[in-house]
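Going line by line, the protein sequences match chains A and B.
Under this note's numbering, the first residue of the first sequence is numbered 56, with each subsequent residue one higher.
Under this note's numbering, the first residue of the second sequence is numbered 56, with each subsequent residue one higher.
Please note: incorrect hints may appear among the correct ones.
The list makes no distinction among identical chains, and a pair is therefore deemed to hold if it is satisfied within one copy or across any two copies.
Below are the BS3-like pairs computed for lysine-lysine, each with C-alpha atoms no more than 30 Å apart in a straight line [unchecked claim]:
hint, residue 1, residue 2
1, 415, 232
2, 342, 256
3, 283, 106
4, 305, 342
5, 380, 256
What the hints contain is simulated information worked out from the structure, not anything from laboratory work.
In this text the structure is predicted, and so the values were computed from the model without any measurement.
Number of protein chains: 2
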Amino acid sequence: MKNLIVGQSGGPTAVINSSLYGVIQEGLAHSEEIGHVYGMINGIQGFLKGKYMDLAELDSQTLTALRTTPGAYLGSCRYKLPENLSDPVYAELFRKFEELSIGYFLYIGGNDSMDTVSKLSRAAEIHKSSIRFIGVPKTIDNDLILTDHTPGFGSAAKYVAASVCEIGLDASGYEAKSVTIIEIMGRHAGWLTAAAALSRKFEGDNPILIYLPEVAFDQEDFIRRIEKAFETKNSLIVCVSEGIHDAEGKFICEYTGSAGTDTFGHKMLTGCGKYLENLVRERLGIKVRSVELNLCQRCSIFSQSLTDAREAALAGSSAVEAALKGESGKMVSFVRTSDEPYELTCSLEDVNSICNQEKKVPLEWITKDGTDVSEEFLTYARPLIQGNPAIPMKNGLPDYAYRR
Amino acid sequence: MKNLIVGQSGGPTAVINSSLYGVIQEGLAHSEEIGHVYGMINGIQGFLKGKYMDLAELDSQTLTALRTTPGAYLGSCRYKLPENLSDPVYAELFRKFEELSIGYFLYIGGNDSMDTVSKLSRAAEIHKSSIRFIGVPKTIDNDLILTDHTPGFGSAAKYVAASVCEIGLDASGYEAKSVTIIEIMGRHAGWLTAAAALSRKFEGDNPILIYLPEVAFDQEDFIRRIEKAFETKNSLIVCVSEGIHDAEGKFICEYTGSAGTDTFGHKMLTGCGKYLENLVRERLGIKVRSVELNLCQRCSIFSQSLTDAREAALAGSSAVEAALKGESGKMVSFVRTSDEPYELTCSLEDVNSICNQEKKVPLEWITKDGTDVSEEFLTYARPLIQGNPAIPMKNGLPDYAYRR
Numbered sequence: 056m057k058n059l060i061v062g063q064s065g066g067p068t069a070v071i072n073s074s075l076y077g078v079i080q081e082g083l084a085h086s087e088e089i090g091h092v093y094g095m096i097n098g099i100q101g102f103l104k105g106k107y108m109d110l111a112e113l114d115s116q117t118l119t120a121l122r123t124t125p126g127a128y129l130g131s132c133r134y135k136l137p138e139n140l141s142d143p144v145y146a147e148l149f150r151k152f153e154e155l156s157i158g159y160f161l162y163i164g165g166n167d168s169m170d171t172v173s174k175l176s177r178a179a180e181i182h183k184s185s186i187r188f189i190g191v192p193k194t195i196d197n198d199l200i201l202t203d204h205t206p207g208f209g210s211a212a213k214y215v216a217a218s219v220c221e222i223g224l225d226a227s228g229y230e231a232k233s234v235t236i237i238e239i240m241g242r243h244a245g246w247l248t249a250a251a252a253l254s255r256k257f258e259g260d261n262p263i264l265i266y267l268p269e270v271a272f273d274q275e276d277f278i279r280r281i282e283k284a285f286e287t288k289n290s291l292i293v294c295v296s297e298g299i300h301d302a303e304g305k306f307i308c309e310y311t312g313s314a315g316t317d318t319f320g321h322k323m324l325t326g327c328g329k330y331l332e333n334l335v336r337e338r339l340g341i342k343v344r345s346v347e348l349n350l351c352q353r354c355s356i357f358s359q360s361l362t363d364a365r366e367a368a369l370a371g372s373s374a375v376e377a378a379l380k381g382e383s384g385k386m387v388s389f390v391r392t393s394d395e396p397y398e399l400t401c402s403l404e405d406v407n408s409i410c411n412q413e414k415k416v417p418l419e420w421i422t423k424d425g426t427d428v429s430e431e432f433l434t435y436a437r438p439l440i441q442g443n444p445a446i447p448m449k450n451g452l453p454d455y456a457y458r459r
Numbered sequence: 056m057k058n059l060i061v062g063q064s065g066g067p068t069a070v071i072n073s074s075l076y077g078v079i080q081e082g083l084a085h086s087e088e089i090g091h092v093y094g095m096i097n098g099i100q101g102f103l104k105g106k107y108m109d110l111a112e113l114d115s116q117t118l119t120a121l122r123t124t125p126g127a128y129l130g131s132c133r134y135k136l137p138e139n140l141s142d143p144v145y146a147e148l149f150r151k152f153e154e155l156s157i158g159y160f161l162y163i164g165g166n167d168s169m170d171t172v173s174k175l176s177r178a179a180e181i182h183k184s185s186i187r188f189i190g191v192p193k194t195i196d197n198d199l200i201l202t203d204h205t206p207g208f209g210s211a212a213k214y215v216a217a218s219v220c221e222i223g224l225d226a227s228g229y230e231a232k233s234v235t236i237i238e239i240m241g242r243h244a245g246w247l248t249a250a251a252a253l254s255r256k257f258e259g260d261n262p263i264l265i266y267l268p269e270v271a272f273d274q275e276d277f278i279r280r281i282e283k284a285f286e287t288k289n290s291l292i293v294c295v296s297e298g299i300h301d302a303e304g305k306f307i308c309e310y311t312g313s314a315g316t317d318t319f320g321h322k323m324l325t326g327c328g329k330y331l332e333n334l335v336r337e338r339l340g341i342k343v344r345s346v347e348l349n350l351c352q353r354c355s356i357f358s359q360s361l362t363d364a365r366e367a368a369l370a371g372s373s374a375v376e377a378a379l380k381g382e383s384g385k386m387v388s389f390v391r392t393s394d395e396p397y398e399l400t401c402s403l404e405d406v407n408s409i410c411n412q413e414k415k416v417p418l419e420w421i422t423k424d425g426t427d428v429s430e431e432f433l434t435y436a437r438p439l440i441q442g443n444p445a446i447p448m449k450n451g452l453p454d455y456a457y458r459r
């Protein structure tokens, strides 16, 4: 009887441990086919150093808490396997797999992690290994191709939409004109920034401008639109992706790069939100502030989407099923069968086609002037943020799962 | 029969509308003594322009939603009444009060708002007015004196504690050494930054350093402590108040002030977190990032403390009761009668003693080395973050109350 090993890799999400939960539950449920369910500590990098644990050791309270614990419970890594599949590191890995009698290898992660699954599944042929390699998608960026969406995006989108709404309510309390610029994660794909549109409650509501990295950002046009918007509204919310750039491809945040230094001459790196805050202040002389939503976007449990958490667990359990059925070199993908009512099934896609590709927001879903998203995007994204999780609490805070 | 008018002023909190809810419910319940319950739009400043509304107009759904709506529902202002009580603006105000047949004036706010209550209650004598002026405390900073704590603090503290914990879980996923600096609101009082200590789950847990503005910040000592901490831990979380300063009183954020400019020569203003991020990078050459928790600290509803929300409503209803009993020139205060079980009663304090004072974290509650808070603080703060609200939801987001 072979064993299963699962790892987590890349930047975490609010539901990356829900996928782990799905893998563990499904893995342990197949005791007739799977011996041990192991977890790599710090992904493939930690595994190379001999770091792993037996996940049957987790008590039921910890298992439940995994579903509402952000960060990678098993630890993560950012480690790229060599392109050359004859590199000795592969021999080392397959030797270690053999030692642990691994038959099923599951990896929860984004683009780079799918690259790992792809390489290992191809190296398996060289090493005449029968191990089955399956990828479980994960990224708040929602930029994996061949899947309707990615676990992690829904919760991040919910955090963004709720925060944009709340910051709007906070900022609109005063009569004086003001601009609040909210910087949202997503360097190359604007999915998460687009989610800010979900916060609108009525026609003409904030945010008045939403800028994605899929289209070029024009600073002069931006200032003109702010001036225009003040004709009908006093408190303006603008949402920008961290990766917005000008027509030549220069990131807007790079406009701060060369001259920003502190009193000791240290170079100051700031985001595009802070840069645009200064630009608006300088050009319009009005009250302006910027807010970088930052890490909370990908780790807030209070705003976790229950739909997202359930789908993340489903992706994990589906990966186990796929491996048991003999699949390898595949990633679990989501297929949406209906928008209303929202319905979803899992499928499998060739991981080699997925890794190192990026899915961007379709240009048809961005308004022609490049400052907003369309109704199609809202129809796509709204089902993904539904439902609030039941959070186990302790001392007034979520009772997160800890690996000591 | 006289009417009641209520206003909101200063920066909002996650429960400022819970206090408004308390005022409205209690006000409408006393229809034998109170005619109309009015709300000033944009505080005393908007009222001077004739802006107010009849709060009986709110439907029950909106009333309920107020309890989980951030921002000042009635709009806010930052407006300081003249020191000279013979200034014509007072005559104008009392004329308008007379027009609306106001008998009870309630003002929900912090320090500056209590200054407004103080001045109006004293001006009432000059104008031979019998209007009763009562203040309802509100501030995430928790810096009002003569009250155990302030509505708004508990929810902000809960947001800070949960976020610090979640950012810690997110950051600790990697094996490499890293420092994450979290900048928290509170320029002069460190209550909210101290709340980061609530996030610790075991001895030696992050945050490893907590810096409040009550004590001087030494940059060299800070760097030495970071180096020392790496001897036992790879992922370090440091929490700093936005208002930390050196021994001469110079704000740490001011170290970035003079030389930070963007490519157009615009002055870049950043916080102390960003400055310390650059300092650590320059001096230690390790992975470091900074996170400014920013506006979400005071407007996140998902992390609202139910205890805080209930106490905020209680402060509002107590203010109505006090006014009906003939009190004036008073602020509702909280008296803690027991820590375990946590018990609280409302009292009244002279608003003239409260305004323009600041309550700081007692030095006895800060460790001698100035880098942490004591068990006494935890005992004080923990009851204030308990309980999660039931949030009316719509389309996957809180169904916030809107004033159109």
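Inset, instruction - Please name the hints from earlier in the document that this structure breaks, with their numbers sorted from lowest to highest. - result: Hint check: 1 and 5 fail, others pass.
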